[in-house]
Structures are given as structure tokens and as C-alpha cells.
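Protein chains: 2
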Amino acid sequence: MGDPNKKKEEEMEASSRDPSLPYKVGIPPKQKLWKEFSATLKETFFADDPLRSFKDQSGPRKFLLGAEAVFPILSWGRGYNLSKFKGDLVAGLTIATLCIPQDIGYAKLANLDPQYGLYSSFVPPLIYALMGSSRDIAIGPVAVVSLLLGTLLQDEVDPVANPLVYRRLAFTATFFAGITQATLGILRLGFLIDFLSHAAIVGFMGGAAITIALQQLKGFLGIKKFTKNTDLISVVKSILSSAPHGWNVPTILIGTSFLVFLLSAKYIGKKYKNLFWIAAISPLVSVILSTFIVFVSNAEEKGVQIVKHIEKGINRPSVDEIYFTKEYALKGLRIGIVAGMVALTEAVAIGRTFAAMKDYQIDGNKEMVALGAMNIAGSMTSCYVSTGSFSRSAVNFMAGCQTAVSNIVMSIVVLLTLLFLTPLFEYTPNAILSSIIISAVIGLIDYDAAILIWKIDRFDFVACMGAFLGVVFISVEIGLLIAVSISFMKLLLQVTRPRTALLGKIPGTNVYRNIQQYPEATKVAGVLIIRVDSAIYFSNSNYIRERLLRWLTDEDELLVATRLPKIQFLIVEMSPVTDIDTSGIHALEDLHRSLQKRSVQLVLANPGPTVMDKLHASDVADLIGEDRIFLTVADAVQTCSSKFSDEV
Amino acid sequence: MGDPNKKKEEEMEASSRDPSLPYKVGIPPKQKLWKEFSATLKETFFADDPLRSFKDQSGPRKFLLGAEAVFPILSWGRGYNLSKFKGDLVAGLTIATLCIPQDIGYAKLANLDPQYGLYSSFVPPLIYALMGSSRDIAIGPVAVVSLLLGTLLQDEVDPVANPLVYRRLAFTATFFAGITQATLGILRLGFLIDFLSHAAIVGFMGGAAITIALQQLKGFLGIKKFTKNTDLISVVKSILSSAPHGWNVPTILIGTSFLVFLLSAKYIGKKYKNLFWIAAISPLVSVILSTFIVFVSNAEEKGVQIVKHIEKGINRPSVDEIYFTKEYALKGLRIGIVAGMVALTEAVAIGRTFAAMKDYQIDGNKEMVALGAMNIAGSMTSCYVSTGSFSRSAVNFMAGCQTAVSNIVMSIVVLLTLLFLTPLFEYTPNAILSSIIISAVIGLIDYDAAILIWKIDRFDFVACMGAFLGVVFISVEIGLLIAVSISFMKLLLQVTRPRTALLGKIPGTNVYRNIQQYPEATKVAGVLIIRVDSAIYFSNSNYIRERLLRWLTDEDELLVATRLPKIQFLIVEMSPVTDIDTSGIHALEDLHRSLQKRSVQLVLANPGPTVMDKLHASDVADLIGEDRIFLTVADAVQTCSSKFSDEV
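The listed protein sequences correspond, in order, to chains C and P. Residue numbering for the first sequence follows our numbering, beginning at 70 and increasing consecutively. Residue numbering for the second sequence follows our numbering, beginning at 70 and increasing consecutively.
Just chain C, same shape as in the assembly (with noise of 0.2 angstroms):
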């Protein structure tokens, strides 16, 4: 378009146009009802432009492209080399450390036995390792998902009484989460999860952490009975209930010198990035000490609580598991769509960072399948809900994984340890699983964060600290409730009460701005100038059309104090106007009607092609006239103040 452009300038400038008059404001072309109802579509659902790539290609190519699409690892395996599984075998030795005594201690927040959070290890990152296009993630089972799922499953089946019903009902959870996810990326339904804003977010890890920690408490302090609540009154009075007998002091020693060798690794790792491998391994390091140690020195005949048993060999299949029967496949559809978004939402979160730190790109949607997917398949192979994990995934990126085949070496090393080591972690305690799970969650509470949040926006931070606050205070759910609930308020907020602002001439210039960010800019005598800062819909065009009226009260009570002349002429500054609709047109007209009572006459300065369309369309053009729309708010000032000048 770059140059067929300079020649119509050209014509244009040498054209007949009469530079006193002011420059007409456009009408675009009417489009067609379903070319434009298709672009709407379009820009909706594919926004992306997925199918770029399709275009004037072949048959069997696009029957390769498609293929592709769904299985990126045949796009990315033909470039596949030594050097990048090099970096991939180190990256997926490592998170393989650090996922095993994780998955065992995430596996208790779900309430399961701890081979199910190893299973989840295993299957999932295969699947995605084929249909995922982020090359940093490290799929597993995750805390905060754990949690949840364990909160909301227990308030359906009590784990302890019904342990297979429990399981099975975490199963079909995990089935329901998958087809959730794998549905919102079929029908590209993506950007629903980006109505969880980034502020709810970090309240609610945050929170979740806090909660995750506290329930740590038990296995770190040896407690035997402890509350099932997870909000904070309930577990501090269950520990100090406990206090000091129930407590078991070799346990506490335990865990307390691990969480500080895990922590001080943690420290080290963060401040000296070469050295990162040292927290990533530590995780591995304390299982094997503190389970040598308790071995030799008999610690489980003292009260340390130790894992006992982990079952031995690979997933066992589980399709018969899923409940399909009406009363229990609305509960695990209930609760595995809560669980499957929350899960959506942490992986699409990690992928998307990574993606723009290294610059390429990620399909949301594409995503969204791919993880789904492998929940359906993990539904089936007795695992349950895995996603992208915050602090795996970063020691990835650090180990310098190149591709998802980081986690298949992982999901390898898993499968060898179900095959053949699970006997070994019989005497690793407890505690060291909860200083572990602690040492984790500890880097979900982003203070860095929450501070900036508080600078640039206060509104934010109550959503921020309403997520956290209702995690801590009351459960995982309410948390979430409530950061869902405060997210939409303030979208509503936003299309309810728009903004609008007085203008302003800026002093040897012919730019008009809001006289609050610019104290120096001028009124214009006789003339009223207000921007208003959103479209006019059903929901705000009330209140714009009140706002503007009121504005012209309080402009013209200043004015009679001052006994200057009364406005004239209300220019309504239409730029950031990039819809209307019926209701904002029936407003504009009422507006129109309510000034002329008061011989005030109504301007429009720039309005956007929508909005002329519609104006033309309703007739409303017409009754304000042709000749009070104008392109800038300088040609409508200089034609009202001419014509002030007149009268007075």
C-alpha cells in the first residue's frame, strides 16, 4: 500500500479542495451484513490469524500443516539436533530431581497416595511433549492445582472413608478438567481465561502458598490429628490445640534443618545464576540424607512419620474408573471445570512468559488442546490434574532446555523410578516432604509483585489483596470467587462510568488536551469542549448524557460568577467514541433536544467510522447537521468562535 498512496497525496494535494473550509469528515463504505458480521468473528475468535499459513498451499501440504498444527513436534523434530538434546538431557535431569520428591508431597495436598503424583510425571509430559508448543514448560502435577482439587474433592468424599470413591472421583475431575480445556481451545474460547486479571492472580498463588505452607505443618511439626480446613484460624488453632505433646521433636529437628539447607540453596541459587543447579538438586539431596539418616538411626520407632510405602510399577489404566453416572459426573464436571481453568490459566501464564523472553510465538488456543489432552490421557492412566509448574518450569529455562523433549528425559527418569526405585523412598519422612513442598511454594508469594501492583494501580491491588486474603482467611474457592467477582467489577465499572474531560487549547499550538494533565491549556470563550473517553453503550449512554449536561451546568454557573457569556456551543470530542449503539444513539439525541432548550448548540469533533455509519443510519447525522461534525476539535472551535464572535 506504500506506494499507490503517494500518487493519490499527490493528486490529492493538486485537487480542488478549499483550504478555508474545514476537511470533510469521512463516511467509509458500507460493508456487506455478513462481510462485516465474518470480520467481527473473526477478530474475535481468530484473532491470531491461525490460518495464515494455509494460505495458496497445496493439498498435501495443507494436510502436512494441519498435522503440524496439532502435533508440533513434526515441525520442530525435523530441526532437531545433538547440541539441543544436549541442553534438553541436562534440563530434563534436573526437573526430573526436583518434579519426583514434589509429585509425592503434592500428591498428599490432593489427598492421594503418593504414586499418583508420579504417575501424573509420567504420562502427561509425553502428550504434551507431542501437541505442546511451549518449548520451557515443565509439565506435572502442581501445588496450587493440588490443593484445590484436594479441597473441592473432599468436600464431596471423604478420602479417609471412601478412598476408592475419592479416587475415582479425582479421575473423573481430571477427565472433566481435560475436555474443558481441550473444548475452550476448539471452539477458541481461549480468552476466557484472560478475565482473570494479573493482580487476582498473584493474590490468589500467593495465598495459595500461604495455605499450601500451613498445611505443612503437619508432617513438618509430626502433628497426628489435624483440622481439615485449610484457612488459617482453623489450622494455627489446630497446631496450638496440638502444642507441645502432639508435636514430635525429632520430626521438627529434622525438618527444620533441611528447610534451612533447602532454603540457603534456594538463596544461593537465586543470587548467583550459575550456580542455580544447587536448589534445583537440593529437593533430591535432602531425600536421600534425611531417608539414610532415619534408616540407620531407627528415627520411625521415635515418632518421625515416614512415606512407608510407594506402589511399585508403572500406571495402571483407569478409563473404568471415570464415573459416568449422572449424580457423580456432575460433581467431577463441576469441579474438574474449576480445576482445569485454574490449571489453564498457570500454564498459559508460563508459557506466554517464557515465549516472549525468547520471542516466539504461542497459540493460546493450540495451548489450550494440547493440555487438555493430555488430561483426558492422564484421566485414563490413573493420573490426575498436571499442568505448567511455576518453579520447574523456571529451573527448565535455566538448564537450558531447548525443546519439549526436556520433558520427555523427565518423564523417563519418573517411569524408571516407578519401575524400580519406589522402594527406596520407604523410610524418607515426611517432614522432608513438607520442607520441601515448603521451600516451593515459597517462591509462588511475589511480593515484588504485589508492591508494583500497589503503585501503578490501587483498584488492582484490592483485587490483589482481596484473592489473598480470601484464600488465607477463608478456602481456596472463596479466593477464587472473590478475585473472579473483583475482576469483572471493574470491567463493568469500566463500561458503566467512562471518563470524560474538558479540553483545553495548548498554548502556540492548535492541539486541544484535558486541561487537568495540561493546567496551561486554554478555554475558548462561548465554547464548551468535553472528550468522552469511551464507546456509548446501553450501559453508560445515560450517564454520558447526564455527565455532559452537567458539565455544562457547572461550566456555566463558573461563568455567571465570573459574568462572562454563557456557552454556546458544546463540542463533544468523539475520538475515543469507537462504537455507539441504539441506546447511545437515542442519547445523543436527547442530548441534542436538552440543549436546544437551552440554546446551546451540539459539535461533534472526529467521530470514527462506526460511529458516523450510525449516524447516518439512524438519521441522527441529519438533526444535528452535516456541518456541526467536524474532523478536529480545531476546525470545530475555529467555526463556533467565529461565529460566537458574531453575536456577541
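Rather than coming from a laboratory, the hints here were simulated on the basis of the structure. From the three backbone atoms N, C-alpha and C, an ideal C-beta is built for every residue, glycine too. It cannot be assumed that every hint is accurate.
[As the list claims (entries may be wrong)] Negatives, chain C to chain P, calculated, CB over 10 angstroms:
1. L309
2. G338
3. V354
4. H378
5. M410
6. M449
7. D650
8. S668
9. T708
[What the hints assert, rightly or not] EDC-like, lysine to aspartate or glutamate: derived pairs with alpha carbons at most 20 angstroms apart:
10. P:K93 / C:E589
11. C:K111 / P:D623
12. C:K524 / P:D688
13. C:K293 / C:E370
14. C:K124 / P:E112
15. P:K124 / C:D623
16. P:K400 / P:E390
17. P:K294 / P:E390
18. C:K427 / P:E589
19. C:K395 / C:D224
20. C:K131 / C:D432
21. P:K124 / C:D428
22. P:K124 / C:E624
23. P:K111 / C:D432
24. C:K294 / C:E380
25. C:K293 / C:D389
26. P:K124 / C:E626
27. C:K666 / C:D625
28. C:K124 / P:E626
29. C:K524 / P:D691
30. C:K93 / P:E589
31. C:K666 / P:D428
32. C:K524 / P:E658
33. C:K124 / P:D625
34. P:K524 / C:D691
35. P:K524 / C:D688
36. P:K427 / C:E658
37. P:K371 / P:E495
38. C:K124 / P:D623
39. P:K666 / C:D688
40. P:K524 / C:E624
Given the structure of chain C, go ahead and fit chain P onto it with the hints provided.
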């Protein structure tokens, strides 16, 4: 502010600004947290500045103003005079003749005995006259709310089998409808009803009108067995299955002839504005004539159904009939909220329409308190949910009402009717009431509005038809639900997928506008100018970032194809970006980073006060560079293209 600014301008002009340098973008003075917060609160809940008149007043005067705020009659009553009373008397008598037959019919829609319709036209109008601020609204039972209430109530209790429980639940629902309305008003949450879009209301009302008319076929055709469902298919089935033996020929004859009479009167009244009274009194004339005919012809014995009995005497107190036991109170609350909100929507729409016509102000929140108080009082005096009636308010206006005194006049006429005239209605045929309702609700089908909606906004039309078809083919509640959902979807779409536009220079000016709207606008070599048309929030920040990058990719492809130099500057026109939150700030950061990787510089034009504030709070202003933030696109282009031509 008029005068002092002028001085300032002169100072500024005289100051040392170098005209060759671009004008600096203003950073607004930091506001105190509390001030900022209270300003937002004020704009949200007190947008209409209701305490304005209280400012600088003495104590007793404030008390008087407060009393006047609650009871506007204290204010307008003082200026009341005989000439106003003449107008109100005529208008009041006219709407009374209209409301009496309508009330009897509407009570049936709500499955209540006819007297309850009359009761509801006696107490609520009196309360409204004391507290309401609309001068033109006519208060009483209305068709749509009666139908809605009847449908919702009969889902809970069978009105034939348990008439007492049904009636008590009706009063309970009315009580809670009033509580809902008053609460919304007191909490100044009146703007919530703005979330039902004009288009959705048009569709809902039209659908409800057709449903009501269909229901009237029972009385109109004299059918005894009739479906309880309100959807079109059930009703048509019911009518066809009872034809022809279930139909009563004398009933049809009477009904048809009077319907023709009513519609003709309506047509005349519409065509010749000064004959509107013919339409207004035609219902009463029909009732009198038909009652007389049935009485003398003994038509009752030929199967013509008649009203038979209306309880004589005024409203009994019904405080003790309101349920406060949990089960029924909850049902009543649910129904009351729905009916109360719909009633509010209707009343506020009427109030606003006539206020705009006569150019006086209505405080929506105060109006809600008045409507709520009148329904609470009504629920204690055997009335069901009342609100403003479209048809009667229009007649009230046409008949020259001046104040709410016309409602008092109407109320007194209804009182007299209840005391002395109810026996006269004994022989009134039901078919006449059906004809009156049909001719009344036909006015609710607003073809013109639907056509205008189609012309102005296709999406609004979808909302309109969705609500319409939902009501007609499914049920009133479902239609309402569809209307609300589509309205919300539209708002959410707006905040998720804001528009972006490619700008070009309008030849012969220094103005940059949307190239789609002004095809003659030209691009600038090496510079891409994109306008973002919305506040940047979490719900759209990712989309906006990706969309901007896609604009760049598209443009670069074009340039490569035409062998022109690549884009080096991306100017983002921020005028419409009124606000940005933490997610938005992060998106800008990510965008800046992605652009750097492609050696493109990010330049911002005209960020508003809030955006500037947050850019500085987050240090993103430094990241982008203060010297890359300009007052206007023209300034930015000038600086960029001089750099560009230096390099090329």
C-alpha cells in the same frame, strides 16, 4: 477558571519554550490516594451530584431540603395551583377509565382475583404521588409484570389448588420486590438496571406482548381447558385441539366486534392527536356496552363467560399474609427480585422518556426508593407488584397531566369504584377484558424501534430478537435471561477485543486518521502508526500486544513485497487509552522487548493523565524513553521520520 487562564496563557506564550522542540507530554500532579478513591466512588454512586443543593445551607434549611428530597410533593406542592389541577383532573379521570378494565384483566394474568388489580391501582399511586419525581408516569399493575409474576408464582404454587398460599406468596414476592427496589435506590446502585440494553428491552417487551395476547385467546375464544404454558407452540396446540367444539361462538362474536372497535379507536387516537381521548375512553365504553348487552341478552346461558364477582370494599391489610418462614420467604425473595427489577426497568424507562420530553431531571435512585416504598406499602395492603404503565402514562401525558396529582385523582376514582361500582362488573364478559388487554399490549410491539435497531447495530438486533424469540417460544423468564446474557456478552466482547486502527496523514493537514475511514490518508515511510481504541486492561492486554505485532508483521510483508524499506518506528496513538492496569503495563513492556528484537522502536503519542502517571510509577516510561513519548502523532512522526531519513 475563565479569566485566570488567559493570563497564564500569555505568560506561557512569553515563556522560553523552543518552538522547534516537541511539546512535552504533561504529567498530572500526584493525587492523594484517598482523594483519588473518593473521586471514583463519587463518580460511580453519586454521578448526579445529589447533594449539590445542600451545599452552604443552614441546618433547618438542610432538614427541609432533605424532607423535600424524600417527599418531592413538599417542593412542587407549594407551587401547585388551580390551572395545574385542571390538567391533572382531566388526565386523572382519563387514566382511571383506562385502568379499571385493564386492572381486572391484568389481575387474571397474575392468576389473582380481579379485585387485587383494583387494589393495586389504589394504594401504590398514592404513595408514589408523595415520593415520586416523575410528573407523567401512571402507576398501577401492568401487563408484562403481571404475566411474569403469574408465571413465576405458578411454578411454585398451584393457584387453583392452593389459592390462599398462592396469594400469600404473591404478597411476599411484592414485599421483596419493593425491598429490592428501595435497596437499590438507597445504595445508589440504580445504574445496575442500565445493564439491560434498550434493544433487549424492545425484544423482551414485544415478546411479552405477543405472549400476553396469546393468553387472551382463552377468554377471547371462550375456551375452558387451556394450557398453563405460555410458549407459542403450547398455546397454538391448545387452541387447535379445543377447536371447534371448545370454542364459544357468541363469545367470539362479542370479542371480535369490540376488538375491532377498540383498535379503530386506537387508530383514530393515534392519527388525530386531539382525538386521543376516544382511544382512552374506548375500553370503558366497551365494558359498559358489552356488560349491558350480556345482561339483557342473557348471553351467560349461551356459554359466554362473565366476571361474575368482584369483592366489594377497599383493600384489606395483608401484613400478616406475608411469609417470613424460610422456604416461602426465599421463593418470594427470588421472584420478588426478578419482578422488581423488570418493574423498575419499565418505570425508569417511562420516567426518563417523559422527563426528556418536558426537559426536567429525574433522579433514578430516588425514583427507585419511591417505587420500592410504594410496593412495600402495597404488599401490606393486598396489592401486587405495581409500576409505571407505558400505555397509561402516554395517555396521562396526552391528556395534559401536570403533576403526580393525576395519580391521586385516578386513585380516588378507583376507590369509589371499589366502594360502590364493583357489582356492576358482574355481567362483564371475559372476552371484553381479553380484547382490552390485546389492544393495550399491541402497543408494546415496537416495529419501528426494531427496524431502527436493525439499521443501526446488528449485534443489538441479535439481542433484540434473542429476547423476543426466547419469550415467545420458551418462556418469559428464559427470554429475560437471554436478554441479560446477550447484553453482558456484548460488554465483555467490547473489553476483550477492542479495535485498533491504522492511521495515515490526511493530505494538506497535520492530522492523522483511520485509513479505513479516510482512504486518501497516506502512510509515512518507515513509520507504522496504530491507534488503540480502548483502555488497556487484563482482559485485552494480551490481545492488544499480539494485535500490534500482527499489524507490524502484515505491514512488513507488504513492504517486502513492494521492496520498500522496513518499518523502524511503531507509533502507538494512545488518545483513546484512558486507563491502563498492571497487566497492561506488562503488555507494553513485553511489546517493547519484542520490538527491540526486531529493531523497531516503540513510540507513544498522547498518553492521557492516568496512563502517564502509571508509566512513571512503573518505570516503563524510562524503559521506553521519555523522549519517545509525544503530545501528538504529528510531533512523533516529525521526529521519527527525520531520524529515518538520516539513516536511509
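A quick look at each hint next to the structure:
1. L309: holds (37 angstroms)
2. G338: C:G338 clear of chain P: closest Cβ-Cβ about 25 angstroms, beyond 10 angstroms.
3. V354: Answer for C:V354: holds, closest chain P Cβ roughly 36 angstroms.
4. H378: Answer for C:H378: holds, closest chain P Cβ roughly 45 angstroms.
5. M410: holds (15 angstroms)
6. M449: holds (32 angstroms)
7. D650: violated (5 angstroms)
8. S668: holds (12 angstroms)
9. T708: Correct as stated: the minimum Cβ-Cβ distance to chain P is 15 angstroms, above 10 angstroms.
10. P:K93 / C:E589: holds (12 angstroms)
11. C:K111 / P:D623: Holds. C:K111 to P:D623 sits at ~16 angstroms (cutoff 20 angstroms).
12. C:K524 / P:D688: holds (10 angstroms)
13. C:K293 / C:E370: Cα-Cα ~15 angstroms, so holds.
14. C:K124 / P:E112: Outside the cut-off at roughly 50 angstroms; violated.
15. P:K124 / C:D623: Holds, at about 14 angstroms.
16. P:K400 / P:E390: holds (15 angstroms)
17. P:K294 / P:E390: violated (31 angstroms)
18. C:K427 / P:E589: The hint is violated at about 40 angstroms.
19. C:K395 / C:D224: Measuring from Cα to Cα gives roughly 18 angstroms; hence the hint holds.
20. C:K131 / C:D432: holds (18 angstroms)
21. P:K124 / C:D428: violated (58 angstroms)
22. P:K124 / C:E624: The hint holds at about 17 angstroms.
23. P:K111 / C:D432: violated (42 angstroms)
24. C:K294 / C:E380: violated (25 angstroms)
25. C:K293 / C:D389: violated (34 angstroms)
26. P:K124 / C:E626: holds (14 angstroms)
27. C:K666 / C:D625: holds (15 angstroms)
28. C:K124 / P:E626: At roughly 14 angstroms apart (the allowed maximum being 20 angstroms), P:E626 and C:K124 satisfy the hint.
29. C:K524 / P:D691: Given pair C:K524, P:D691 holds - Cα atoms ~16 angstroms apart, limit 20 angstroms.
30. C:K93 / P:E589: holds (12 angstroms)
31. C:K666 / P:D428: Holds, at roughly 8 angstroms.
32. C:K524 / P:E658: holds (16 angstroms)
33. C:K124 / P:D625: holds (18 angstroms)
34. P:K524 / C:D691: holds (16 angstroms)
35. P:K524 / C:D688: holds (10 angstroms)
36. P:K427 / C:E658: holds (14 angstroms)
37. P:K371 / P:E495: holds (16 angstroms)
38. C:K124 / P:D623: Holds. C:K124 to P:D623 sits at ~14 angstroms (cutoff 20 angstroms).
39. P:K666 / C:D688: Violated, because 49 angstroms separates the two Cα atoms, which is more than 20 angstroms.
40. P:K524 / C:E624: Answer violated: P:K524 to C:E624 is near 36 angstroms, above 20 angstroms.
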